[in-house]
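Residue numbers (my numbering), protein chains in the order written: chain A, 2 to 201; chain B, 3 to 409.
For the record, the hints were derived by calculation from the structure and aren't laboratory data.
We treat Cβ as the ideally placed atom computed from N, Cα and C, and that holds for glycine.
One or more of the hints may lead you astray.
Said to hold, decoys possible - Selected chain B positions facing chain A (Cβ under 10 Å, derived; list incomplete): (1) C82; (2) G85; (3) A86; (4) Q121; (5) V130; (6) L131.
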Amino acid sequence: MDSIYWPSFFFWLFSGVACTFALGVLLSKNIVRMAFYLVISLASTSGLFFLAGADFVGAMQLMIYVGGTLVLLIFGVMLTSQDRFVEMRTSSGEWVIAFFIGLMLFFTLGRAAFGVAAWKGLDRETAEAVEVERTVTPLAMGLLGARVDQLDEPDAAKREGMSGYLFHFEIVSVHLLVVLIGAAYLARAKRKTGSVAANA
Amino acid sequence: MAAFLSEYTWTWLAYIIAAMIHVGLIINLVAVAALVFIWLERKISGRIQDRLGPTRVGGKFGWLQTLADGLKLITKEDLCPDGADRFLFKIAPYVSFCAAIGAFIAIPFAGGAYPWIAQHLNTGVFFVLAVLGLEVFGVILAGYSSASKWSLFGAMREAAQVVSYEVPLGMCVVVPVMIAGSLDMVVIGDQQAGWFTNWLVFHDPFTFITAFVYFTCAMASVNRAPFDLAEAESELVAGFHTEYSGLRWSFFFMAEYGSMFSVSILASVLFFGGWNGPVPITDLLGLSGAEVGTLSWAVAQALGLANVLLKGLLGVCLMIWVRWTLPRLRIDQVMTTCLKYCTPIAAAMFLGATLWQYNFPGRAFFNLIPMSDAVLEVSEGWEVESNDPDEEEEQIARGPEETGGLL
């Protein structure tokens with residue numbers, strides 16, 4: 002039994018659970034069950050991140066995606082309390098379109114995953130020799146604008162270009178802010194001008 | 003541990019044994035803690051209401067009362083309502099229970115170079131918060147699948163409450179993380195070594211207030227009175243667990259007591275010194291340091307473990323005290339407390355602590371005493387002279403290995 006390579010075992014375990022429950026999301030008709038399957042699928046994905054030594058990304062996955070599904074679940078319960086919405090049916094036309102789009106995406110991702118040389122799996126001896134590094138400090142430094150993992154780059158010109166992810170981070174933050182303001186604007190109760198004046 | 007065991011047995015068995023030991027210890031800790039806490043809750047509530055509480059079971063003090071409760075719960079019929087979604091109804095208690103136990107994976111019970119922790123995560127605090135937030139899933143699934151309006155009301159209240167209270171809770175946790183410069187709970191705890199003056203709650207006035215806001219939010223997020231609207235028995239029968247009976251119902255309670263314990267331990271590590279007692283007994287006895295033997299190290303670690311458990315117990319006692327003293331809030335009062343008080347206070351405290359840490363680094367106990375060198379050595383990455391820009395550039399150039407987590 003020494004031939005079992007435990008990281009591979011857990012990879013197949015987590016990815017298997019993630020895929021099975023992703024199919025569950027697809028095939029289930031009850032919206033709350035769908036949300037529950039989605040939770041399990043996303044939690045298994047975070048297990049994959051922990052397995053890869055990316056503690057930070059794994060915890061992020063748990064907090065944002067799994068926690069975010071919570072809100073989805075609440076809306077699922079609140080908005081579909083009427084009987085006709087509890088069971089969701091997909092028409093066969095939608096199935097066909099979704100099948101072709103999914104197939105195209107699957108091939109694109111498959112080509113990318115197996116086409117890049119750097120993403121090829123390591124053989125077992127090399128994999129066991131790799132020390133899993135703790136990820137959070139380089140990642141946080143990268144978000145602050147310094148790629149500490151690339152300091153050994155000998156070419157000074159290349160080092161200049163590795164200024165971290167501060168710019169992207171800020172763009173995403175501004176984008177989120179815009180979304181928040183937009184959501185607040187859309188959700189705002191529309192009042193007639195007369196009643197606003199009366200309230201004021 | 004797996005590496006140690008693999009010297010004596012096959013590697014695959016060593017991994018399994020190491021995992022079993024960790025899991026067994028954690029599950030037993032939560033289960034035994036729940037036994038003790040339920041007895042304690044009955045006793046303390048009795049005393050607060052001027053009665054005796056349990057007195058007979060197990061001879062004196064009714065100390066076997068919880069075991070008797072447990073036996074009763076096991077023998078009860080496992081009911082499932084007719085209109086219920088059976089699968090979700092059955093699985094909901096396990097979801098809550100797993101989340102409550104899962105948080106203990108990343109909680110350290112003693113620090114130092116070889117901490118007593120099941121899985122030493124680089125982002126321990128974050129992981130614990132993320133996993134604790136999952137407990138509410140069980141509650142919502144239970145409320146939805148029970149096919150009872152009382153359950154559904156309780157679950158929706160719980161959802162609204164937990165989602166809102168995660169915001170101030172996260173902000174309060176960020177304050178000690180910022181001062182320690184690390185998300186690693188072992189590093190945060192080790193920085194508070196020495197006398198109680200080094201505890202982060204006494205670091206500056208802002209952290210002092212933050213500790214109280216944290217505890218309030220933690221109580222709300224584990225759904226304890228005065229924030230226990232999800233099971234408000236005067237309005238909702240029993241809230242989300244109205245339809246549950248027997249062992250499944252007791253899983254919800256184990257989850258509640260388990261998460262009470264874990265947020266108390268989190269408070270002790272973040273603010274109250276963790277495994278470092280108010281007086282550095284291990285230092286005074288010469289049990290700590292690099293050159294001590296294995297036995298002294300083990301004694302020092304066991305003292306640290308006792309410290310963590312005692313502080314956790316004190317936190318739970320405080321929650322029980324609050325529960326039987328204060329009346330339950332209304333739902334709008336709960337939301338007001340969160341959004342109009344806790345969140346702005348936490349944000350202001352975060353800003354204040356940041357400015358304080360920037361202007362008066364390297365001093366403890368409300369800026370009255372300088373930190374000792376020993377603590378500064380322990381505190382990886384705590385830069386005393388961080389105002390010099392040249393030096394900071396140098397540190398960036400040297401990379402993270404030498405400068406630690408914080409620059």
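Hints and how they fare:
no. : hint : verdict
1   : C82  : violated (16 Å)
2   : G85  : violated (12 Å)
3   : A86  : violated (12 Å)
4   : Q121 : holds (9 Å)
5   : V130 : holds (9 Å)
6   : L131 : holds (7 Å)
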